[in-house]
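> Starting from the structure of chain Z, add chain F where the hints point.
These protein sequence lines map, in sequence, to chains Z and F.
Our numbering puts the first residue of the first sequence at 372, with every later residue one more than the last.
Our numbering puts the first residue of the second sequence at 372, with every later residue one more than the last.
No wet-lab data here; the hints were simulated from the structure.
A hint or two may mislead.
Unchecked claim - Restricting the straight-line Cα-Cα distance to at most 30 Å, the calculated cross-link-like pairs of lysine-lysine (DSSO-like) are: (1) F:K528 x F:K382; (2) F:K394 x Z:K499; (3) F:K592 x Z:K592.
2 protein chains.
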Amino acid sequence: MNSFIYYTPVKIYFGQYLTELGKEAALYGRRVLLVSGRASVRKSGLYDRILDILQEADLEVFELPCVKANPEIDLVRKGGELCKTNEIDLVIGVGGGSVMDTAKWIAASAFADFDPWRFFSRGKQVTKALPVITVPTTAATGSETNASGVISNSATKDKLGRSASAILPKAAFLDPENTFCVDAFQTACGAADMFSHILETYFSRDAGLFMLDTMMEGMLKTIVRYSAAAVEKPDDYEARANLMWTAGWAINGLIGSGKQQVWSCHPIEHELSAFYDMTHGLGLAVLMPKWMKYVLNESTAERFRRFGCQVFGVSEDIPVMDAARQGILRTEDFLYRELALPSLFSEDEVHRQDFEMIAKKAVWNGNLKNAYQSLQEEDVIAVLNACMQEDNV
Amino acid sequence: MNSFIYYTPVKIYFGQYLTELGKEAALYGRRVLLVSGRASVRKSGLYDRILDILQEADLEVFELPCVKANPEIDLVRKGGELCKTNEIDLVIGVGGGSVMDTAKWIAASAFADFDPWRFFSRGKQVTKALPVITVPTTAATGSETNASGVISNSATKDKLGRSASAILPKAAFLDPENTFCVDAFQTACGAADMFSHILETYFSRDAGLFMLDTMMEGMLKTIVRYSAAAVEKPDDYEARANLMWTAGWAINGLIGSGKQQVWSCHPIEHELSAFYDMTHGLGLAVLMPKWMKYVLNESTAERFRRFGCQVFGVSEDIPVMDAARQGILRTEDFLYRELALPSLFSEDEVHRQDFEMIAKKAVWNGNLKNAYQSLQEEDVIAVLNACMQEDNV
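With the rest of the complex left out, here is chain Z:
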């Protein structure tokens, strides 16, 4: 177990607190850049409510709408310039992970005297950022309460994530009701994303704290228990609340305490998204079980057994390898039957001739050689091939 620092000073308002947004925002200044996505946040009325609340608090609002999924560096550049030109004091992101990530990197770009893509391509450090407040409308990326953000560059076919303490949101307004309007597919993709955040941490080279293992198992059980419920009944408050609270804790620094983390599926998915503008959670849903099968072996079986028993109630009395396999099958069952996500990529959207390049970039950008089970390019290609047709791994 490694030493670690845990520091996540985000003020989290959970539930019916949106009216506090004005007062909270006013702590940081008067000129607000309000970053948002496309239609849904307007259709639900949330966007107008926020505008009203900010205006009531006597704040001047500048708007930057139209963040898309797999958000682009171009909009970050534009937002950074907007901040400089208009002397913005504070950035608020209202929407899903893409919006919040964009808001964070705009906040960092406001003080950058270089092209913000260099935060990603050159590892330029964030020394200063505008304060950020998040109002998530999905339970998925956990971006609302962490210091990371993923940005794409379609010109270079890159999708890269970076962290910096300066972009950690000052406050987050988590109202489960704001996720009622998320459709079945996006709810399922969000569930797959947060399931994956925990899985990537759970399967780690470092033995960490048992206490955190039990927390991770609890969160995975929570996702399994409530995702299908939220898909079926979008306004199930209990389900939405559990998913929303889990999304944040899955990736705010707690569960990875004391572990060196090198993730496996996320780096591969990022390359797929960069190449095909794929929905992040969908890519992960297809990849996860294939990766699990690929890295299951004598040395990893015990961990997979524990996962199966604790998360899915697989019997403790069957042989280790059988229990391990059962855990993977139950994961497939959850993703593909209960959440009705596709189990394979179609040949129309994903092209085998790209796999060599995708694998090369994933191994490099994701440091996959040091992952839970070391992945070389040929391993990534094998996992990707398994995503194209049933059971060839």
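Here is chain F on its own, set in the frame of chain Z:
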């Protein structure tokens, strides 16, 4: 489920980070009041290491040693005066819960123009406090990372806890090695204390978040798994680390999110400590199973069943009430056999003629009529009587 605010901005250094204490302390000023307990922190060498580190960082250290268990308001008064006289910038508490609680309330008293006991007796609000840093040497009260503290007044036979965001520590240095020297009895008492913090939250009138139920079950399992190990092998790093990390998360605001909390055993124990200067964890260890048996009934059985199955692996296939009882028996087994704590109070130390007054104060100070199962004075007396002889409840 209620709306809630979660905000615990403590910078937690976990593991080998003590050398950072000087830099961290210097953020808040140059004049430090170092609050500590009695012998053990000196014997282990930790106290001298801290003095060296603070002096190396060019800080001026004022010392306030000799905090005792069930810490007294007198020392808080004295510390508050010391802060005023010496223009202290920062209070550091190195020791167990009593030391850290004393440090916190000294920090608040530094700005009080009234007797600090009024924070407790009259509910005077804390409007301002000196910054506090904690260096815990036990895994028990969780005081290192929360905004609460319990202070006794032997003159009035009171022991009262209060919370205030201003006394939340700015930073906490959690090194499991600093708990290696905690003896078997105190290790067991610490385990009972944190077990109780979770139990008091787990058994609540409000249905909260399932996700937090699973986290609480995980933490309880962690305590059960590692306490006996730490008692047996005091320098078992894995055990000490798991216990230390659990102690904080058991009572830092997370697991109670969305629940109205009115505790049961703690208020009764506080009166016992006030009357008899009892060790807090020992009082809780005796009380907990008696309270559990007392409030077990048709309406609470399902919750107790869940507790038994999830924490102690009681079979899910037996009748609800049987599983509930099994959970309580396993708790007794854990506390009295594995941790070797006494299961009863002796007639020498606890006197039945005080029970009426103890019950009256517990019901009033603890708001016990609104607890998980409403407790009137006669209920508290019945629980206390059960603590004097085997199985009379």
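> Hint by hint, say whether it matches the structure.
Results of checking the hints against the structure:
no. : hint            : verdict
1   : F:K528 x F:K382 : violated, 35 Å
2   : F:K394 x Z:K499 : holds, 21 Å
3   : F:K592 x Z:K592 : holds, 16 Å
When each numbered hint is compared with the structure, a violation occurs for hint 1 only.
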